[in-house]
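Protein chains: 2
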Amino acid sequence: MLKNLLGPEIEEVIKEKDYIGLKEAISVWEPPEVTDLLLSLPEEDQPILFRLLSRQKAADVFTLLHAEQQEQLLKNLTNDHIRTLLDELDPDDRTRLFEELPAQITQQLMTLLSPEDLREARKLLGYPEDSIGRLMTPDFVAIRPEWEVSRALDHIRKYGRDAETINVIYVVDNKGKLIDDLRLRTLILAHPGKTVDSVMDHHFVALSAYDDQEVAARAMQNYDRVALPVTDSEGVLLGIVTVDDIIDVIEEEATEDMHKIGGLEAIDTPYLTTPFPMLVKKRARWLVVLFLGEMLTAAAMGYFEKEIARAVVLALFVPLIISSGGNSGSQAATLIIRAMAVGEIALRDWWRVMHREIFSGLALGAILGSIGFLRIAIWQKLFDLYGVHWLLVAETVALALVGVVMWGTLSGSMLPFILRRLGADPAASSAPFVATLVDVTGLLIYFTVAGFILSGSLL
Amino acid sequence: MLKNLLGPEIEEVIKEKDYIGLKEAISVWEPPEVTDLLLSLPEEDQPILFRLLSRQKAADVFTLLHAEQQEQLLKNLTNDHIRTLLDELDPDDRTRLFEELPAQITQQLMTLLSPEDLREARKLLGYPEDSIGRLMTPDFVAIRPEWEVSRALDHIRKYGRDAETINVIYVVDNKGKLIDDLRLRTLILAHPGKTVDSVMDHHFVALSAYDDQEVAARAMQNYDRVALPVTDSEGVLLGIVTVDDIIDVIEEEATEDMHKIGGLEAIDTPYLTTPFPMLVKKRARWLVVLFLGEMLTAAAMGYFEKEIARAVVLALFVPLIISSGGNSGSQAATLIIRAMAVGEIALRDWWRVMHREIFSGLALGAILGSIGFLRIAIWQKLFDLYGVHWLLVAETVALALVGVVMWGTLSGSMLPFILRRLGADPAASSAPFVATLVDVTGLLIYFTVAGFILSGSLL
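If you read the sequences in order, they're chains A and B.
Here this note's numbering is used: position 295 in the first sequence is 295, and no number is missing along the way.
Here this note's numbering is used: position 276 in the second sequence is 276, and no number is missing along the way.
Just chain A, same shape as in the assembly (with noise of 0.2 angstroms):
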């Protein structure tokens, strides 16, 4: 609030070109709070304010931005600013810019920096997308095994100044190998003249490089760290993952798979920021799927077209009935998906889930049978709606409502481990994917169960 109240006025401040006034009064601000004037400022005032900002604070501000925010003012920007603002990134904020800006850029942005850090980013950059390298940094401290506590204190003392976090300290031996990881807690509280092998436990939990990032994110809250490890296939310590990218990562993955949920293909830009041909392509392409997959419906109900024209009164309860299907769908293939994503379910547990969910789709498809059967009892008596067969009516769309939810609940609970079993993201079984499935063999089920029930009365 209080930055959008002074917005004006520092935009006022900036035309006065009372830079000192200005940079005294930032100094003590948060980089949100920066980040929120700065967006907050008409797009030529931004560079001005930004090259205000002490060098580890504009760094701090530029990682909070947008990539689209941060292209546009490294726009604005000489390559003298870029390459501090480059140097002072930390080097896995420095991967993340790289792989969101346009590729053009990026080689442009690459020459800008020095030699050291353009081998550190080619390295990073060469991990695969999504993988733990992308996300890892290579600023952590390192002490050895022999070194007294002393030591390895003054040690962090002289370098943790660069480090990303010296709440874990990783002690290697002379080929760069890992042996273990101390908190500074335990460092700190250790007798500084004992040796640092005194106060190692040799337990360790180290990430691969090439892993999924996913796999950092359970690790991360499995054992409860600030930081885990990152190593090669040799155990030589590569660099360090710390919990705030793992935050972004667990708010990413949960997005993507709400959007696969929602059914839209993931969409990893903010909304409002999203170009909008992008936000239409991405809807579009799963819209069109559904849509093939439910003109199945029209056929569905030409083949039954001398049915309906012989009593219409079946196509009244055509929504009810399969929208009920696809809403039962959606829930259970939800469910699924989200206990899934984190872990509560495996693949061999699909026989006790199928076990539970086709008792859930019995119960939930008695109770929706029960009240549809109630709903045209009662229509019947006040309104004499449904012609001398209202009963038979009312028998075969309480009965069709059981076995499209429990066909409901039971595809959308077991399409996601289909899925999974195939290698493919289950999330992928989104809520609309499982509605139209049910929704076509919803019409199947209703118009048989019909022609039973009906057939020598009104079919």
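Watch out, some of these pointers could steer you wrong.
For identical chains, the list gives no copy identity; a pair is met inside one copy or between any two copies.
Calculated cross-link-like contacts (lysine to aspartate or glutamate; reagent style EDC-like; alpha-carbon spacing at most 20 angstroms) [said to hold, decoys possible]: (1) Lys23 with Asp139; (2) Lys194 with Asp154; (3) Lys306 with Asp384; (4) Lys177 with Glu234.
None of these hints come from the bench; they were simulated from the model.
Got chain A sorted already, so can you dock chain B onto it with the hints?
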């Protein structure tokens, strides 16, 4: 009465230190009698009597005291005694105790609880469900501004072992008011002779115990901290929230939102261990609501029964058209709900979102409409399914699709805003909810369009 008379005598016994006799004498007394006796004694004698009670009776007596009397008594007991006492107290009594005592004392007491009791205490402790208060731990290290850095480090060495984190150290004044937070590295890297005050920047972010846990999650992400302090309305430090708890919050919130989007009530226990009746209940409630809403489709279809009877061909496309509206609506709702949840979109953005979604809906509707038109045209050429008026039918379906998809997109994107404006959870505008809404209105759109285009020919 008896005890009032006994009072002076007991005082005598205490003076003579005949504790064994006294213990035996009061062992048969009922708690209310002991309480009266206790209160009749001078303050300094009360803890002596109290310590002679059996564990269970001590707890019962303690429960009968008023808050101020409890506070008074606690001051005169050793930590070991208090721990035993807290252990014996019933959870609800303990909660009341903690609620009524001043914050600082509550905080002290909570450090004496076993981890299990602490979890329970926190859960029960007056703070609203899902508030930050439920999440915080009182195990932090606090230092004073006037101390030298070396003294602060000694203090950390001494008390840090039991703290939840020593990555961040809190500076409080003599009233327990939080005045700064310092990273451990700042202290480690500072000259030991400096005062704490001199390395402070007086800039910190504190959470309120009554705020929603989501606030803590956002703050932790924005400010990139591994722990954040929690204060009461006076600014007194109550506890800290650490990043590992926040990760759980983020996952839980995502799960809740996903469940709601999937059209069921949020289930916070793992799928396989959720009791079956609960599993059915959480799904049945929404399913029934949706079913009742969906019944309006039967009413809408009934309203157009004559049109359907006259042109059965219209009925064939009902599932296709309403499901397209439902799918586009569920896409839009999912996108907006998630963007709101991660803070990309605020209430004030509704106008920009509406603007984008009208055009998204138009584009998506045009795509599906064209495919629908082509489908009918091609099937007509191949199978001659739709009679002489097939072109009019195709136009009806295409136009209805544009309208229904636009309407679905618009209502899916605006419903979360409306819900949030009303103070409800935007995620409640689940995909099935939007789909149901759009099903009913979609039918109206479809048959209205049909009325315009087909009147005089088919209708």
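A quick look at each hint next to the structure:
In this homomeric assembly, lysine 23 and aspartate 139 never come within 20 angstroms of each other (Cα to Cα): the closest approach is 29 angstroms inside a single copy and 38 angstroms across copies. In the homo-oligomer, the alpha carbons of lysine 194 and aspartate 154 lie at most 20 angstroms apart both inside one protomer (14 angstroms) and across protomers (18 angstroms), since each shortest distance falls under that limit. Taking CA atoms no more than 20 angstroms apart as the test, lysine 306 paired with aspartate 384 passes between copies only; the shortest distance there is 16 angstroms, against 24 angstroms inside one copy. Taking the shortest alpha-carbon separations for lysine 177 and glutamate 234, only the intra-copy value of 8 angstroms comes in at or below 20 angstroms, while the best inter-copy value is 51 angstroms.
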